[in-house]
Structure formats: C-alpha cells, structure tokens
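Construct the complete structure from the given sequences, taking the supplied hints into account.
Protein chains in written order, with the numbering used here: chain A, 91 to 461; chain B, 98 to 601.
Please keep in mind that the hints were generated in silico from the structure rather than gathered at the bench.
One or more of the hints may lead you astray.
Computed spacing ranges between beta-carbons, pair by pair [to be verified]:
#1 B:R172 <-> A:I452: 42 to 50 Å
#2 B:R172 <-> A:R448: 30 to 38 Å
#3 A:G134 <-> B:E160: 53 to 61 Å
#4 A:V320 <-> B:H541: 34 to 42 Å
#5 A:P107 <-> B:D330: 51 to 59 Å
For glycine and all other residues, C-beta sits at the position ideal for the given N, C-alpha and C.
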Amino acid sequence: MIILGRRVRMEQRLSTPRLLLFLVPVFSVFLALVVGGVFLAATGHSPIGTYLDLIDNGYTSFYGITDTLGLATPLICTGLAAAFAFRMNLYSIGQEGQMYLGMIGGAWAGIAIADSLPQLVAVPFVLLAGAATGAAWIALPAFLRARLGTSEIVSTLLLNYVALNLLNYLIFGSTGFFRDPTTSFPQGRLVADSARLSPISFFTDKVTNTYPTFLIAVILAVVLFWLMRVSNYGYETAVYADSPNTARYAGMNSAWLQSSVLLVSGALAGVGGAMYVVGPAGKVDPGLLQVGLGYAGIVVAALARYNFIAVIVAAVLFAGLRTGGNALQISNDPVPIAIAVVLQGAVLLFALGGELFRRNKIIITRVQVAT
Amino acid sequence: MQHDEKGALALAARGVTKRFPGVVANDQVNFDLARGEVHTLLGENGAGKSTLASVLCGLYRPEVGQVVRDGKEIRLNSPRDGLAHGIAMVHQHFRLVDRFTVAENVVLGHKSLSFVLATAEIEAKVAAITEKFGLPLDPRAVVGELSAGERQRVEIVKALYQGAEILLLDEPTALLAPPEVEKLFITVRAMTHVGKSVVFVSHKLGEVVDISDRITVMRGGKVTGSVRRGEADVRRLAELMVGREINIVPRRAKLPTSDVLLSVSQVHLERDGVELLSDINLEVRAGEIVGVAGVAGNGQRDLAEVVAGLQTPQQGNVTVCGTPTARSGARGARGARRAGLAYVPEDRLGTGLAPSLSIVDNMVLTRERGFLVDRKSALVESEQFIKQLEIKTPGPLTPTRKLSGGNSQKVLLARELFAVSGARVLVVCSPTRGLDVGAVEAVHTLLDEARDAGKAILMISEDLDEVMTLADRVMVLYRGHITLEQSGNDADLDRVGRAMAGIA
Numbered sequence: 091m092i093i094l095g096r097r098v099r100m101e102q103r104l105s106t107p108r109l110l111l112f113l114v115p116v117f118s119v120f121l122a123l124v125v126g127g128v129f130l131a132a133t134g135h136s137p138i139g140t141y142l143d144l145i146d147n148g149y150t151s152f153y154g155i156t157d158t159l160g161l162a163t164p165l166i167c168t169g170l171a172a173a174f175a176f177r178m179n180l181y182s183i184g185q186e187g188q189m190y191l192g193m194i195g196g197a198w199a200g201i202a203i204a205d206s207l208p209q210l211v212a213v214p215f216v217l218l219a220g221a222a223t224g225a226a227w228i229a230l231p232a233f234l235r236a237r238l239g240t241s242e243i244v245s246t247l248l249l250n251y252v253a254l255n256l257l258n259y260l261i262f263g264s265t266g267f268f269r270d271p272t273t274s275f276p277q278g279r280l281v282a283d284s285a286r287l288s289p290i291s292f293f294t295d296k297v298t299n300t301y302p303t304f305l306i307a308v309i310l311a312v313v314l315f316w317l318m319r320v321s322n323y324g325y326e327t328a329v330y331a332d333s334p335n336t337a338r339y340a341g342m343n344s345a346w347l348q349s350s351v352l353l354v355s356g357a358l359a360g361v362g363g364a365m366y367v368v369g370p371a372g373k374v375d376p377g378l379l380q381v382g383l384g385y386a387g388i389v390v391a392a393l394a395r396y397n398f399i400a401v402i403v404a405a406v407l408f409a410g411l412r413t414g415g416n417a418l419q420i421s422n423d424p425v426p427i428a429i430a431v432v433l434q435g436a437v438l439l440f441a442l443g444g445e446l447f448r449r450n451k452i453i454i455t456r457v458q459v460a461t
Numbered sequence: 098m099q100h101d102e103k104g105a106l107a108l109a110a111r112g113v114t115k116r117f118p119g120v121v122a123n124d125q126v127n128f129d130l131a132r133g134e135v136h137t138l139l140g141e142n143g144a145g146k147s148t149l150a151s152v153l154c155g156l157y158r159p160e161v162g163q164v165v166r167d168g169k170e171i172r173l174n175s176p177r178d179g180l181a182h183g184i185a186m187v188h189q190h191f192r193l194v195d196r197f198t199v200a201e202n203v204v205l206g207h208k209s210l211s212f213v214l215a216t217a218e219i220e221a222k223v224a225a226i227t228e229k230f231g232l233p234l235d236p237r238a239v240v241g242e243l244s245a246g247e248r249q250r251v252e253i254v255k256a257l258y259q260g261a262e263i264l265l266l267d268e269p270t271a272l273l274a275p276p277e278v279e280k281l282f283i284t285v286r287a288m289t290h291v292g293k294s295v296v297f298v299s300h301k302l303g304e305v306v307d308i309s310d311r312i313t314v315m316r317g318g319k320v321t322g323s324v325r326r327g328e329a330d331v332r333r334l335a336e337l338m339v340g341r342e343i344n345i346v347p348r349r350a351k352l353p354t355s356d357v358l359l360s361v362s363q364v365h366l367e368r369d370g371v372e373l374l375s376d377i378n379l380e381v382r383a384g385e386i387v388g389v390a391g392v393a394g395n396g397q398r399d400l401a402e403v404v405a406g407l408q409t410p411q412q413g414n415v416t417v418c419g420t421p422t423a424r425s426g427a428r429g430a431r432g433a434r435r436a437g438l439a440y441v442p443e444d445r446l447g448t449g450l451a452p453s454l455s456i457v458d459n460m461v462l463t464r465e466r467g468f469l470v471d472r473k474s475a476l477v478e479s480e481q482f483i484k485q486l487e488i489k490t491p492g493p494l495t496p497t498r499k500l501s502g503g504n505s506q507k508v509l510l511a512r513e514l515f516a517v518s519g520a521r522v523l524v525v526c527s528p529t530r531g532l533d534v535g536a537v538e539a540v541h542t543l544l545d546e547a548r549d550a551g552k553a554i555l556m557i558s559e560d561l562d563e564v565m566t567l568a569d570r571v572m573v574l575y576r577g578h579i580t581l582e583q584s585g586n587d588a589d590l591d592r593v594g595r596a597m598a599g600i601a
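Right, dumping it as structure tokens:
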C-alpha cells in the first residue's frame with residue numbers, strides 16, 4: 091500500500107512487547123469513544139456529559155454497578171463458552187440457543203423438584219440441569235463436526251433459531267408443563283422456592299439485580315482457568331489447537347477432543363440460562379432472556395482474547411456499557427439507545443482492529459523511484 | 098547487438114548483500130548468467146542460494162549491490178518487475194490453485210486478461226508451450242489431481258507463458274522421482290537450446306554435475322568457488338560446499354547386536370484402493386541401525402506410521418519388544434509407545450513438536466500423563482537436555498518454533514531417546530533434513546550413541562549418504578516394496594542407487 095509517497099507494509103511480530111498488550115486495548119477504547127463522540131455531537135448531545143452519565147449509570151452508581159453485575163453474570167457464562175470453543179479453533183456461535191435451552195432445562199428441574207429438596211441441593215441441581223440441556227443442544231453439531239467434519243459455525247447458528255422458536259412456543263404457543271397454570275396470561279410456571287436465590291443486598295436494605303450466581307460465574311471462570319493450565323485435558327486441547335498433526339502423532343483422540351470441547355462449551359452457555367432461573371426470572375421467561383447475551387458472549391470472548399479470567403473483566407465492562415446505555419434513554423438529556431449500540435459496536439470494532447497492531451509491525455519506507 | 102548472441106551476459110548480481118535478522122544471507126555475492134546457459138547454485142541448506150535467487154527474481158531487495166540485466170542495472174521491487182524483465186522463479190513450494198485447471202493457473206495473475214477468459218485460445222497456447230519444451234501436460238487437467246512433477250511443469254509453463262527468458266528453479270528435484278528428474282532435464286536442455294537461461298538451485302551434488310554448464314558453490318552467504326563443465330569434480334565441490342575436507346567415516350555398531358526388538362512381517366497397507374506398502378518384512382535388533390533408503394514418496398512415511406501405530410495395516414504384524422502393536426485394538430500410537438517405541442517424524446515442527454508450546458510442554462507430549470500434567474519434572478529434564486545437548490535457546494519456556502532446525506531436532510531427539518521412559522526401539526525419519534553441517538554431525542553422534550546404548554533404530558531417510566554412513570544394514574524402499582537389502586559394510590552405492598530409481 092502506498093500512502094503519500096511512502097510504502098506502508100506490515101510484518102508479523104515474532105513476539106509482542108508487554109507494553110503493547112496494555113496499550114492497544116486502552117487506545118482502542120479511547121478511539122471508540124472518540125468515534126462515539128462524533129455521533130453524539132452530531133445528534134446534539136454533549137459527548138463528555140453523556141460519557142460521564144454512561145459511566146455513572148453503568149459502573150459507579152449503586153444501582154448502576156449492581157445492574158451491571160447482574161447482567162454480567164450470564165454474559166460471563168456465554169463468554170466462557172465462546173472462549174472455550176474458540177481457543178480450540180472450534181467456532182461455535184450457538185451460545186444463544188444453548189442458553190435458551192439452559193433456561194428451559196433449569197426451569198424443568200426447578201419445577202419438577204417442587205420444594206422436595208433443600209436449597210443447597212436444589213440450586214446446584216437446577217444449574218446442572220441447565221448445563222446438561224445446553225450440552226445436549228450442541229451434541230448434534232459436536233457429533234457432526236467430530237465425525238464428518240461438518241462446519242460447526244453453520245450448524246450451531248441454525249440451532250439458535252430452533253431454540254428461539256422452541257422457547258417462544260413453550261410460553262406463547264402452548265399450555266404445557268412450562269406454562270403458568272394459574273392464569274391465562276402467557277407466562278412461565280414458577281420454579282420451587284427452594285430452587286431460587288435472593289439478590290445480594292451489599293449490606294444495604296436495597297433490592298439489587300445482582301444474584302449470588304455472579305460469584306458462581308466468577309468461580310467457574312477461575313476454576314476453568316486453573317484446570318486448563320494444569321490438567322492433562324487442558325494440555326491435550328492446547329496441543330490440538332496448536333497443531334492437529336502433533337496431536338495425532340502423540341496418539342490423542344481428536345474426535346473426542348473436538349466433541350468434548352464443544353459439549354463443555356454448550357454446558358457453560360446452558361449454565362448461563364439456568365442462572366436466570368435461579369436468579370431474576372424463576373421461570374421460563376423469553377422476554378427477559380432474548381437480549382442477545384449469547385452473541386454478546388462471542389464479543390466478550392474476543393475482547394478477552396479467550397482468556398478465562400479476562401472474560402470476567404470483559405463481561406463486566408460490556409454489561410456496563412449496556413446498562414449505562416439503557417439508562418441514558420431516561421436521563422435528563424435522553425440519548426437514543428441506538429447511540430449506545432453504536433458505541434458498543436465501535437468498542438468492539440476498534441478492540442478487534444487493535445489486534446492487527448498487536449500482531450504486526452507497521453513498516454513505513456520511502457518508495458524507491460524505479461530507474 | 099551483444100545480448101542477442103548465445104553466451105552473452107544475460108543476468109548478473111554485483112556485490113549483493115542481503116541481511117535478515119541475525120544472519121547475513123548474502124555477503125557481497127557476485128554471480129553471472131550467460132544466454133543459453135545452465136548455471137547451478139550449489140550449497141548446503143542456509144548457504145544463501147535461495148536468497149540470491151530471490152534477489153535475482155525481485156522477491157527480495159538487496160541492501161547493497163546491483164542486479165544487472167543485459168548490461169544495465171535494474172531495480173526490482175517485486176517478482177512482477179522481474180517478470181517484466183523476463184526473469185521468473187519456480188519456487189520449491191508451488192504456488193498454484195488446486196481447484197483451477199492447468200490453463201487457468203498458467204494465466205493466473207497475468208495482466209492482460211479479458212473479463213471472460215478466452216479459454217480455448219489460452220489452452221492452445223499452453224499446449225504449444227508444453228509441446229515445444231517437452232512438458233507433457235493436459236491444459237484442462239485440474240491441478241489438485243496432478244503429481245508433484247506435473248505441478249512443477251505447470252509452474253514452468255506458467256513462467257514461459259509469461260515470456261520468461263531466465264528461469265530460476267529453486268530445488269526443483271526435491272520432490273521428484275528419478276524418471277521425472279530426467280524429464281525435467283530434457284526440458285531444461287530444450288529451453289537453453291532456444292537461448293533461454295536457467296539458474297538451478299540445488300544442494301544435491303550428484304545430479305547437478307550432468308546438467309550444469311557452470312556450478313557456483315555457496316557457503317555461509319558467500320561464494321566459495323565456481324567451476325565450468327568438465328572441471329567439476331564431485332569431491333572438490335563437496336569440499337567447497339562443506340568448507341572442509343570431508344571424510345565420510347562410516348559409523349557402525351561397535352558392539353554385537355542381540356535380541357530382535359522390532360519386527361515387521363508381511364505388512365500390507367492400502368488406502369482408497371491404492372497399494373502403499375506391500376509385503377514389508379524387516380527386523381531390527383538391539384544395538385543396530387537399519388537404514389531404509391529411497392526417493393521421497395515411495396512409502397517411507399506410511400512405513401514409519403505403521404510401525405509407530407498411527408496407521409493400521411490391512412495385513413501383517415508389527416511387534417515391538419515382543420508386544421504386537423499393529424492389530425486393531427492395540428490402541429494405536431499410545432499402544433506402540435507403551436510397548437517401548439519412540440518415533441521421530443520427518444516433519445519435526447508440525448508433527449513431532451507443537452510449535453507454539455514451550456520446550457517443557459513438548460517434553461511431556463509423548464509421556465504417560467495423569468489427570469494433572471507434571472511440568473516440574475519436565476522443567477528439570479528440559480534444563481538438563483539444554484545443557485547436555487547444547488541446545489541454543491533463551492530458556493526452557495521458549496516456544497519450539499523459535500528454535501533453529503538443528504535445535505528443535507535436538508529437543509525432539511532428546512525427548513524420544515531419553516525422556517520417554519523405557520523406549521528401546523526408535524523410528525527416525527530423515528533426521529537431518531534441512532540441518533546445517535554442525536547439526537547433522539550432532540544428530541548422527543546422538544543416533545550412534547543410542548545404538549551403542551542398545552537401542553534398536555530404524556532410520557528411514559531420503560538422504561542416501563546418511564544411510565550409508567550410519568546403517569549397519571541398508572534397505573531400499575521403492576513403490577512400497579523393499580527391493581534391496583545389504584549389510585552396511587558391503588553395500589554397493591551403485592546398486593543401492595539403481596534400486597532407488599527402480600532399475601533392477
């Protein structure tokens with residue numbers, strides 16, 4: 091590429107300087123804010139004022155941060171699900187559907203036990219049921235991928251639409267097991283009380299949107315991070331991700347590695363859906379869930395560069411942008427939600443674009459005049 | 098005009114210096130090429146010959162020095178510039194689109210293409226070229242279905258189609274069987290006959306003597322000598338290449354051999370109806386090296402993989418230290434390893450090692466691992482090997498892809514020879530391919546020592562010299578059959594060579 095008489099070319103870095111690992115994301119977010127600012131100014135809003143509002147509503151006010159942590163909870167799960175598959179070069183984008191199924195499975199378990207179990211058993215049971223249904227939802231793509239090499243991208247994506255319609259059917263289209271029998275209004279049947287957790291009040295008497303499931307999600311991320319570092323399973327997946335030929339040479343079972351990674355990924359997304367049952371929803375609630383947290387999980391995983399600990403941070407940041415953005419609509423100087431979405435998109439675009447600079451050196455030379 | 102005559106200077110490099118991080122690949126190199134001449138650049142891997150060819154075709158720009166074409170200095174910013182001056186290079190790794198036909202590949206990247214391809218016209222032109230230069234090819238064949246030799250012809254036709262007067266062939270015989278090499282030489286002669294010039298880049302001494310009008314030897318980025326046709330003396334050339342007097346001292350087993358540790362009997366392997374190995378019988382005893390020679394693509398890789406348990410043969414048995422390993426239910430590669438087998442594949446970085454993982458992580462690759470991976474002992478082991486085998490690395494946590502070929506091979510050999518507990522049988526494939534002289538020496542010493550330590554070694558190598566130097570018994574693999582077996586001391590180079598070429 092030639093710009094202003096200079097030849098600009100890129101060369102892959104052999105190693106990334108530590109400083110860049112930090113500088114690139116910071117600079118990316120800064121640029122995204124600048125771009126968002128242009129949109130804000132163009133629509134007659136004060137960029138600085140709006141950003142301060144956004145930060146306050148997303149992160150620094152009491153209700154802001156507790157709403158954010160609540161939203162981050164399932165997002166951590168879908169983020170982990172995406173990161174887990176992506177680091178094995180398996181590009182499952184079925185987290186959305188697996189999360190729906192996790193809600194359905196979790197609600198089934200929560201209704202079925204009908205207060206027969208103490209909370210200490212009931213809650214994990216609901217979460218595990220969600221994990222199982224999430225994993226079941228990816229079982230077919232996993233099998234097709236491992237045995238026949240079918241692209242998991244397409245198969246998992248298509249199943250998202252099936253899951254979406256299944257979820258809506260259970261509540262709006264039928265009057266079955268999941269439907270509240272006490273009313274003709276289409277809503278889900280509540281799960282047993284013992285299968286639910288109360289929100290964390292953070293030593294106040296306020297009712298928040300953060301549930302103890304947030305801690306479960308964080309623990310899940312940390313345990314996963316640790317296990318994949320020290321376990322043989324983590325080692326084998328790392329070898330396979332790096333070089334499938336090497337894995338074959340070492341006698342590893344690639345079909346098992348591929349399918350098990352996808353199943354775990356599905357289970358993680360499923361847990362995210364079940365956490366809604368244990369926490370805010372208490373039932374199958376399509377309206378509450380259909381806000382794209384599955385797809386956002388892919389974004390979170392990408393921002394975290396597939397690092398499980400970083401997924402926690404990225405999920406909280408991303409959730410804050412959304413809660414802050416939502417709050418902007420009802421502030422004194424209402425900003426349309428579309429602007430908040432533009433901002434989210436810009437952050438993602440710049441963060442991923444920044445990868446280019448992390449991986450490559452930019453070399454600028456004078457163009458030699460040919461003689 | 099001077100440059101129209103045959104023998105006039107067509108292309109030259111004057112004082113070319115090209116550096117890469119950490120190495121001077123070309124150090125003030127002078128080189129010239131006459132019209133109608135075949136000029137060979139001979140040298141070991143890493144001598145700088147491919148770099149020089151890349152400078153001549155415009156792929157690299159030298160820091161210092163000039164490229165001169167027909168007496169005028171030219172500046173080449175890209176291979177496209179080179180092509181404009183009639184210079185084209187055929188790379189060792191082909192740059193073709195598998196799903197396109199021969200004709201489509203030939204015109205790929207050509208500037209003056211109409212929006213709709215004039216297929217018939219192009220095919221006719223391609224056919225004319227193939228005929229003129231003895232390059233048998235069907236213009237309509239899909240490239241993905243062609244053999245390595247045919248793909249190479251496509252590359253050559255492509256260069257000629259684009260009007261190349263000077264052809265740079267980088268290691269053109271590396272992937273060819275002997276009859277294909279013969280065909281290539283016929284083409285080269287046809288080209289020089291009409292006044293085109295050819296630069297032949299090779300590290301294979303034997304074959305270049307016949308084809309070359311002139312041979313220039315490079316070593317360590319410098320030209321060490323140049324000889325004309327008729328003056329070429331193989332021994333002298335070898336010394337120029339290696340930079341010292343070579344005396345190939347055969348290394349043989351110093352101790353008497355004992356039990357048979359590896360036995361392969363009546364192995365038959367086929368895939369998709371194609372017979373790959375047929376009636377393979379061999380035995381390797383403790384304390385000996387059995388060398389399997391052969392031209393690449395005659396079943397070497399399949400033989401190694403069958404022995405290593407990575408492929409299950411349709412018929413026959415493989416026994417490692419008394420345990421049958423080749424039958425179904427024998428648990429494949431892990432089963433063979435448990436029985437006492439270690440395996441060093443030819444492709445060290447993409448198969449034997451995980452390139453992005455550290456030396457430590459690579460040490461545990463073929464070891465039995467529990468639920469948790471014991472990296473502590475692997476770290477101690479890695480540090481010990483780094484010291485003992487003089488592996489040049491910043492540390493044991495360095496990814497193996499950052500090591501040189503010789504050093505990564507040492508890591509791989511260390512793991513397979515010492516770290517895998519209890520392995521008494523070793524299968525190695527082309528253990529020194531792509532390594533420099535010093536590293537070759539180190540690897541051969543390691544293998545020799547392992548033999549004396551009582552290991553049974555099956556060495557499958559395309560490098561005949563290597564087999565002749567190390568093996569106590571020599572076999573030749575040709576089209577999936579073992580066609581010759583001799584003791585290392587009595588092996589007759591001529592007979593082995595002919596068996597490799599399939600001449601009885």
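Hints, one by one, checked against the model:
{"no.": "1", "hint": "B:R172 <-> A:I452: 42 to 50 Å", "result": "24 Å, violated"}
{"no.": "2", "hint": "B:R172 <-> A:R448: 30 to 38 Å", "result": "34 Å, holds"}
{"no.": "3", "hint": "A:G134 <-> B:E160: 53 to 61 Å", "result": "57 Å, holds"}
{"no.": "4", "hint": "A:V320 <-> B:H541: 34 to 42 Å", "result": "38 Å, holds"}
{"no.": "5", "hint": "A:P107 <-> B:D330: 51 to 59 Å", "result": "52 Å, holds"}
Violated hints amount to a single one, hint 1; each of the other numbered hints is respected by the structure.
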